[in-house]
Structures are given as C-alpha cells and as structure tokens.
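Novice: Residues per chain are reported as follows:
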Amino acid sequence: ETGVTQTPRHLVMGMTNKKSLKCEQHLGHNAMYWYKQSAKKPLELMFVYSLEERVENNSVPSRFSPECPNSSHLFLHLHTLQPEDSALYLCASSQDPGQDYEQYFGPGTRLTVT
Amino acid sequence: QKEVEQDPGPLSVPEGAIVSLNCTYSNSAFQYFMWYRQYSRKGPELLMYTYSSGNKEDGRFTAQVDKSSKYISLFIRDSQPSDSATYLCAMREKTSYDKVIFGPGTSLSVIP
Numbered sequence: 093e094t095g096v097t098q099t100p101r102h103l104v105m106g107m108t109n110k111k112s113l114k115c116e117q118h119l120g121h122n123a124m125y126w127y128k129q130s131a132k133k134p135l136e137l138m139f140v141y142s143l144e145e146r147v148e149n150n151s152v153p154s155r156f157s158p159e160c161p162n163s164s165h166l167f168l169h170l171h172t173l174q175p176e177d178s179a180l181y182l183c184a185s186s187q188d189p190g191q192d193y194e195q196y197f198g199p200g201t202r203l204t205v206t
Numbered sequence: 361q362k363e364v365e366q367d368p369g370p371l372s373v374p375e376g377a378i379v380s381l382n383c384t385y386s387n388s389a390f391q392y393f394m395w396y397r398q399y400s401r402k403g404p405e406l407l408m409y410t411y412s413s414g415n416k417e418d419g420r421f422t423a424q425v426d427k428s429s430k431y432i433s434l435f436i437r438d439s440q441p442s443d444s445a446t447y448l449c450a451m452r453e454k455t456s457y458d459k460v461i462f463g464p465g466t467s468l469s470v471i472p
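Those protein sequences? They're chains Y and R, same order as listed.
Every number in the numbering used here is 92 more than the matching position in the first sequence, counting from 1.
Every number in the numbering used here is 360 more than the matching position in the second sequence, counting from 1.
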C-alpha cells in the first residue's frame with residue numbers, strides 16, 4: 093500500500109447522475125493531484141492542490157469539480173458526465189515543495205459512464 | 361512532436377531475460393526522471409527516480425539517463441513473471457514540481 097486510498101474503486105453512473113470520488117492520503121504530504129488515465133493514453137493531469145489551494149486546472153470541463161477541504165483529503169465531484177469520461181481516475185500526493193520529488197498514487201477509481 | 365514518447369509494446373520476453381524499456385523526450389529543461397510500474401487495475405508505483413545523467417541501480421533495476429540525447433532507459437535483469445506490468449516513464453523540469461509529464465507506458469509480459 094502506498095498510503096493513498098481511493099473510494100469507490102469502481103463506479104458506474106448515468107449521464108444525469110451526480111457522484112463524488114474520494115481520496116485520502118496518510119503520508120503527511122501537502123500536495124494532492126487528480127489524474128485521468130484512458131486506455132493507451134498518457135496520464136492526464138486534471139487538478140493540483142498545494143497547501144489546500146488549487147494551483148493547476150488544465151482546462152478540465154466544468155462537469156468535474158474538485159474540492160480539497162484539508163491536506164489529507166481530496167474529492168472530485170462529478171455531474172452530467174459523458175461516455176468519453178469513462179476512465180481510471182487516479183489520485184496522487186507529494187511533499188511540496190521538495191527537491192527529492194515523488195508522487196505516490198492511489199489505486200484509482202474505475203469510472204464507467206453509461 | 362509529443363513531449364515524451366515511449367514504445368507502447370506489448371513487449372513479451374522469456375523469464376530470465378534482460379528487458380530494456382526506453383523513452384525519448386523533447387524538452388531539454390527536464391531534469392528529474394522517474395519510472396513507474398503499474399499492474400493491472402492498480403495505480404502506478406514509483407520504481408526509480410533520478411536527476412542526473414548516468415546510471416542508477418536498485419536491485420534488478422537500472423535507470424539510465426542520457427540528457428545529451430534526451431533518452432532514458434530502464435533495464436530489468438533476470439526478469440520474472442511478477443515484472444509483467446505496464447511501465448511508465450515520467451519527467452519534469454527542476455522547479456515544476458506539479459507538472460510531471462508521463463509517457464503512454466510500455467506493456468511488458470514475462471513468460472515463465
């Protein structure tokens with residue numbers, strides 16, 4: 093285990109549903125990330141939070157809404173998703189700043205949009 | 361040109377073989393280089409991390425960086441079936457701690 097947990101591990105939702113993904117890190121890190129991993133494509137960085145403030149938003153559609161209430165928890169709120177949003181959503185955390193930089197990943201949430 | 365390129369495979373080798381996984385990149389400002397291993401239905405786990413040209417060894421794994429050629433490699437000696445996974449290279453600039461660029465991954469199968 094990497095110290096980063098994600099729930100749920102699998103999620104099937106319709107396009108009109110609202111759901112949330114949760115991530116929790118037990119490593120004492122203060123930066124957290126959401127990535128999207130689609131088949132045969134590189135990981136796509138979606139959001140970055142450093143010290144609970146958002147520092148990156150890579151033109152992600154507004155149907156994805158992140159929330160970082162504290163340095164240990166990160167949420168991704170989902171609403172009116174599209175079938176092309178089906179993917180593995182990975183959460184990661186790291187120490188920020190730090191020259192010896194490592195991101196630790198959770199196991200991911202496999203999302204299927206029907 | 362993509363920032364990071366990686367042969368997607370799949371790569372299939374017999375147990376005990378030496379495996380070479382490679383990535384090329386275009387951004388000369390990249391200074392930190394990582395290799396992640398991702399098993400099916402799992403998140404990526406960090407295998408190797410280096411920030412200098414040359415070789416870094418950890419058990420059966422050796423990471424090699426050639427900044428002049430913008431080329432990095434991961435060598436796996438005495439490969440085992442448990443090494444079967446997708447291997448992702450990743451890299452970033454010195455101060456861009458939050459902008460790690462990943463390659464698409466190489467799928468490796470080690471056949472007993």
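These aren't lab readings, by the way, just hints derived from the structure by calculation.
There may be inaccurate statements among the hints.
[Stated by the list, open to error] Label-pair restraints from in silico Cβ distances:
(1) R:S372 x Y:P175: 25 to 35 Å
(2) R:S428 x Y:S130: 31 to 41 Å
(3) Y:H118 x R:G414: 29 to 39 Å
(4) Y:H169 x R:G376: 46 to 56 Å
[Claimed, not checked] Computed cross-link-like contacts, PhoX-like style, restricted to lysine-lysine with a CA-CA straight-line distance of at most 20 Å:
(5) R:K430 x R:K402
(6) Y:K128 x R:K430
(7) R:K362 x Y:K128
(8) Y:K132 x R:K427
A virtual CB, placed ideally from N, CA and C, is assigned to each residue, including glycine.
Novice: Against each hint, give a clear statement of whether it holds in the structure.
Specialist: Structure-based check of all given hints:
1. R:S372 x Y:P175: 25 to 35 Å: Roughly 32 Å apart at Cβ, these two residues keep to the hinted range, so it holds.
2. R:S428 x Y:S130: 31 to 41 Å: Holds: the Cβ-Cβ distance is about 33 Å, inside 31 to 41 Å.
3. Y:H118 x R:G414: 29 to 39 Å: Since H118 (chain Y) and G414 (chain R) have Cβ atoms about 34 Å apart, the given range 29 to 39 Å holds.
4. Y:H169 x R:G376: 46 to 56 Å: For G376 (chain R) against H169 (chain Y), whose Cβ atoms are near 48 Å apart, the range 46 to 56 Å holds.
5. R:K430 x R:K402: This hinted pair is violated, its Cα atoms lying about 29 Å apart.
6. Y:K128 x R:K430: 26 Å, violated
7. R:K362 x Y:K128: 18 Å, holds
8. Y:K132 x R:K427: Status violated; Cα separation ~26 Å.
Checked against the numbered hints given earlier, the structure breaks hints 5, 6 and 8 and satisfies all the rest.
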